[in-house]
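Student: Sequence:
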Amino acid sequence: MKNNAIKVNDKDNVAVAAQIILKGSPIMVDGQKLVDAVEDIPLGHKVALAPFSKGENVIRYSEPIVETTQEIPAGGWVHVHNTQPIMS
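Numbering (our numbering), first residue to last: 1 to 88.
It cannot be assumed that every hint is accurate.
As the list claims (entries may be wrong) - With a straight-line Cα cutoff of 25 Å, these simulated SDA-like cross-link-like pairs (lysine to any residue) come out: (1) Lys23 - Gln70; (2) Lys33 - Pro85; (3) Lys11 - Val38; (4) Lys23 - Asn82; (5) Lys54 - Asp30; (6) Lys33 - Leu43.
As the list claims (entries may be wrong) - Quick list of the computed label-pair ranges, beta carbon to beta carbon: (7) Gly24 - Ser88: 35 to 41 Å; (8) Pro26 - Glu71: 17 to 23 Å; (9) Met87 - Met1: 22 to 28 Å; (10) Lys33 - His79: 18 to 24 Å; (11) Glu67 - Asp10: 28 to 34 Å; (12) Pro51 - Met87: 20 to 26 Å; (13) Met87 - Gln32: 33 to 39 Å.
For the record, the hints were derived by calculation from the structure and aren't laboratory data. Predicted, not measured: the structure shown is a model, and the values here were computed from it. Beta carbons: idealized from backbone N, C-alpha and C, even for Gly.
With the hints as extra help, turn the sequences into a complete structure.
Tutor: See the structure below:
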């Protein structure tokens, strides 16, 4: 299968959808299946590569960018409805 998501750094716990990814589809990065999408992921949006607990940092470009406001399963859509700015 062809790649449908981009993972920028090995430390990242999310990938970015390079196309619309439908629920049940494998998330493919660098020719490897990482997880299956548990919901539709819009183009350009983030998908969880591992399960998140509430309050966990989302890592992209090897840096924390936001924190989760609820649990997110592996393969779940990571966006403004389930994240917030990191409160220091």
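Student: List, from low to high, the hint numbers that the structure doesn't satisfy.
Tutor: 2, 5, 9 and 11
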